[in-house]
Structures are given as structure tokens and as C-alpha cells.
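**Student:** Start from the sequences and build out the full structure, keeping to the hints where you can.
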Amino acid sequence: MRETKFIEQNREKWADFEEMLRQNHRDPEKLNDLFIQITDDLSYARTFYPNRSVRMYLNSLAQRIFHNIYRGKRFPARRFRLFWTDELPHLMWESRQALLLSFSLFALACMIGVVSSIINPDFARVILGENYVEMTLQNIENGDPMAVYKESQPLGMSVGIAANNLFVALRTAIFGVLASIGTVFMLLYNGVMLGAFQYFFIEKGLFWESFLTIWIHGTLEISAIIIAGAAGLVAGSGLLFPGTYTRGQAFQQSMRRGLKIFIGLIPMFLLAAVFEGFLTRYTDTPPILRLLFILSSLAFVLWYFVWLPWHKSRTGFQHALREKDLPPTRQQVVSFSTIKSAGEIFSDVFTLLRRHARVGWLGILAASVLFVGLAAGAGFAGESVKFVFPDYPGGAFQGWWDVIGRNRAPIIFWGQVVLLSALFWVALRMVKREMSPDVRTSWEGSFGGAYLVVTGLLPFAVVWFLEVVEAGALLWLAGMLLLPFFALWLAVAYFEKASWSSFLRSMQLMQWGQGFILGVLIINFALLLFLFLDSSVWNIVLRFFSWLIPPDEGSMQQFFAYTTALAISVIVHFVWLLLMLGGMLHYFSSRERVDAAHLYEGISKVGTTRQIRGLAKE
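Read left to right, the sequence shown gives residues 107 to 724 (the working numbering).
Worth flagging that the hints you see were computed from the coordinates, not collected in a lab. No false leads were mixed into what you were given.
Here are the simulated distance ranges between beta carbons: (1) Arg184 <-> Arg539: 41 to 47 Å; (2) Gly619 <-> Arg117: 35 to 41 Å; (3) Pro543 <-> Leu127: 41 to 47 Å; (4) Arg539 <-> Thr421: 51 to 57 Å; (5) Phe456 <-> Trp314: 49 to 55 Å.
Derived DSS-like pairs: lysine-lysine, alpha-carbon spacing no greater than 30 Å straight-line: (6) Lys310 <-> Lys256; (7) Lys538 <-> Lys603; (8) Lys366 <-> Lys418.
For each residue, glycine too, the CB sits at the ideal point set by N, CA and C.
**Tutor:** In C-alpha cells, the structure reads:
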């Protein structure tokens, strides 16, 4: 068919399609049919008019239709409302046994704290800290036992308290990944602390004053921690009781439910922080008003998290719980020829790690053991190498990376560069093992080349960056934004065998929004892992195994330091491997989006297949 005839035959249809795209409200079925027809016309134009303007026009039209079909959906207000009025109560009803268990563990721990304080008068100093107890005793002598709540500005105090409470609750919920064991430890620890704290004031004859002051904010705060414990128990239940699912599938479902419950607690923690920062300081308020306020807070918690779920279970929930479709676990194969979202890439990263676990974990463990061995060797050789882990959130990672420094121990700095470079090749091996033989062959090439310089320089840049940048928000943001780009750059350098031109190619392929989301998922996943090492649970684990070590103080300190350093190294190298895998998958997705190589290959085969008894044969 001549080009002019082809245009005349389809001109009216294309005009109607353009008009539909300009409308605000579109029929999804018509839009889907439109996409199919336009891609058919585009395939025809690419075959017979490859260098003509009609092909460019249809390509542009197909792109517009594609973006209209697959663009991100707006979060509907109705769904937001249903989460609070229907889905969260439904989750609480389904989790009522976990809530009862969480409350029972917390109450038991409180009693243990009280009894321990009765038996040992110095128990409060062990649990609450020497400085806090001395400060409170000084306030009691000054006639204002609750002065601690009046020392800071209300706004700053509220922000700090909100951050701390969310941190504690997040650890309580997230530690459900340890088959709920971590959650149980956190509930017991916080319960013992509360029992010792409250008995400390009872012992001083200040029960009523402390009760009316502390529980103004404590009612919501403690209730939220108990519910966060239930969320952690729910999250870990999938590992313990998978039912008819595999443990991996059951854990995905239970973890989503636990995180939804935790999200529902965020307003409670924020409100409790506002109460503590702005209201608790007014200790001269009449006792009856403070008591009514406490009872009102308790009534709200019981109404929303206990009575409302029970009531809606009797009257009926509006919708069934939304459960995401679970992917297959055994036969799932990662595709290297499709355009993927950040969430799909993140999921495929763990699919690769699961399918090639032996290669991945051997690389991670080998790199971690070698790093700790280098640190120990440098220390024995007289270098100023000593692992010191500060006791605050992020202190574990801070103490680990303080050891990395060319001026302190160059062998550790350069050793870490080599280890990160080696893990890139481990990730590459995992990706190649996932490829089909014909695809793998197409990416094979000579090993030597200038591109190897890039695979060494970028890990050096990352380690140098860790050395010179202070911990904090800047490092956190830079990690989420730059590390996915570096990972993509490494993938481009290898797969396209390019050296310095790989930077420009990476800029062309980089989708900054998608890369940032991928960075957010991976870096914040790492932060959750570090929460465990910053918690008291890790200290309990170390003390449990301390009987293996000679009882002298020096040996115990070495055991604690190097075991913690090894655990941090495992997390750091695990996250680096995730980034490398994510960068390679990001490369293939972006390459398909920009170059459409697989699409062109498919179009070139149009018309070359024929059907024999219902089966396609090339």
C-alpha cells in the first residue's frame, strides 16, 4: 500500500483518537482498544515506511496513549477515608489475639519491673539510668518532681518526643521480622522500664502526682506501643504459621498487615507528643481535669481499637481486606526486556537474591569476614583501629565507618574499595545466571578494557564519600539519590563496555524519580536493619553467647566490638549488593524505555510466524 493511501485510510481514525486523548474523562475500554490499533498501525509503518514522517507521528501518538494508560493513579480521598473507618478496624479485629498477647506481655513485664524494684532498690538506676534518677531526686528535693517536663520549649520538645516515640514503636513493629522474637523482647524491655519508672515515684510517695502528670501523654503513648507490639506479632506470624502458603508468601502478607497497623498509629504518637510537650508541663491544673483528660484518652483508645472492630464485626465491614496478589515463588523468572517501575525492580532484586542465594550470601559473608579481619590485623599491627559504637540511633553504623580512613588505617580504606568492587562482580554473576543462554551470550565480551577503570573508581568514590561526609540528613539524602545512579553507571560501563562515555550514557538512561524511589526503598531498608543493632535486643543476643568467651573484661570488649562490626559489615555489604542488582535491573529497564531494542526485535518478526494446529512456529 502506498503511504498516501495508508494515511487517507486511517486519517479519520487517528483524528478521533487524538480528540479522545484531549478529553478529561476517557472510556478505559476504548483507550485500551486505541492503544492496540495504534501499535498495529505503528508496526505496519515501521515495516513499510521506516524513514517517513508517518512513522514518527504514530510513534508519538503511541507514546501519548501509553502514558495515559500507565500513568500513576491519584490516591482517592474515599480510599483514605475507608482506611480509617473500615480497613484499620478490620485489621484490628483480625489481629485481636495478637493485641491481647501484646497487652499481656507488656502487663507482665510491668509487674516484673515493679517486683524487681521492690526486691532491689537500685533496680531503677540500672533500667532508667544513673543520670535520670539523680536528676529526678534533685527535682523532688526542690519541690517540683515533674520539672523535667518544663525544661524545654513546647514545640522543640514535642518534635523530639514524637521522633523518639516513633523510633521505639517502629523497632517494636519491625522486629517482627525475627519471627516475632524481637517484638517480644521490645515489649518486655519497655514494660519493665515502665514498671520500674512508676514504682520509683510510688516509693517516694508521689504516685498520685506522677500518675496525673505522666499519663496525660502516657495513655496514648503506652497504648500505641502495645498496639505496635501487636503489629510486630502480626508481621512475624507469617513466618511461624504460614498455613497453605510458603513462608515467603505468608510473610509478605503478614508484614503488609503489620505495617498498615503501624501506619494507623502515627497520629496517636504525634498527638501524644503534642500532649507531652504542651500539656504535661501544667502540673498546677486541678486534679479532676487531668483525671478526666486521662480517662477520655483511654476511652478513645478502647473505643477505636477494641469496641469499634468488635462492633463492625457484628454489623459487617464495608469491604474485605485488600490483599495484594502474591507472585509465584518457584518459577518466577526475572525479565530483562521489559520496562519496570521502581517497586518491580525492588521486588526483582529480592527474587534474584532468593534464586541465587548461595552466590550472593557467600560473597556478602566473605567480604564481611575479610573486612573485620583487615581491621583486626591493622589493630594488631599497631594502627589506631578501634571499634567504638555510640549509644544512640545510628551509633552502630557511625562506629563502623569511623574505622574507614586512609589516614587512620589505609589498608582498611583500600580493602573496602576492593571488597565493594568484588561485590559488583558477584552481582553480575547472579544476573548472568538468571539470563537465558542466548541473552547471556549476547552480553559476553572481552574481559579487559577501559571500562574496568570505572568499576574500580566508583567504589573508591563511595568509600571516600563515606569518609569525608558527616553522618546525618545530608548523607541519608545523598545515599538515596546518588547511590542508585552510581549503580546504574557501573552497569552501563560493563554491559556497554564503555569507560568515560558511560557517564553520558548513564545520564541518558537515568530516571531520577525511579532511581530516587529505588534508593528510598533500599537505603531505608538498611536503616531498619541497623535499628536492630542499635537496640537492646542486640545486646541481649551478644550476652547470650558471651559464655563462649573468657570472662575477663578485655576479651568481652573485643568480642562485643568485633561481633557487632561483623554484623554491621554484613548489613553494609548486603545493601551494596542490593544496590548493584538494582542498578543492573534499572539499566535493562531504562535501556528498553529509551532504545526499545526488544520492541524493535518483536516488530521485525511480525509476519514471520505461522500457526500449525494452534501452536505458533517460527
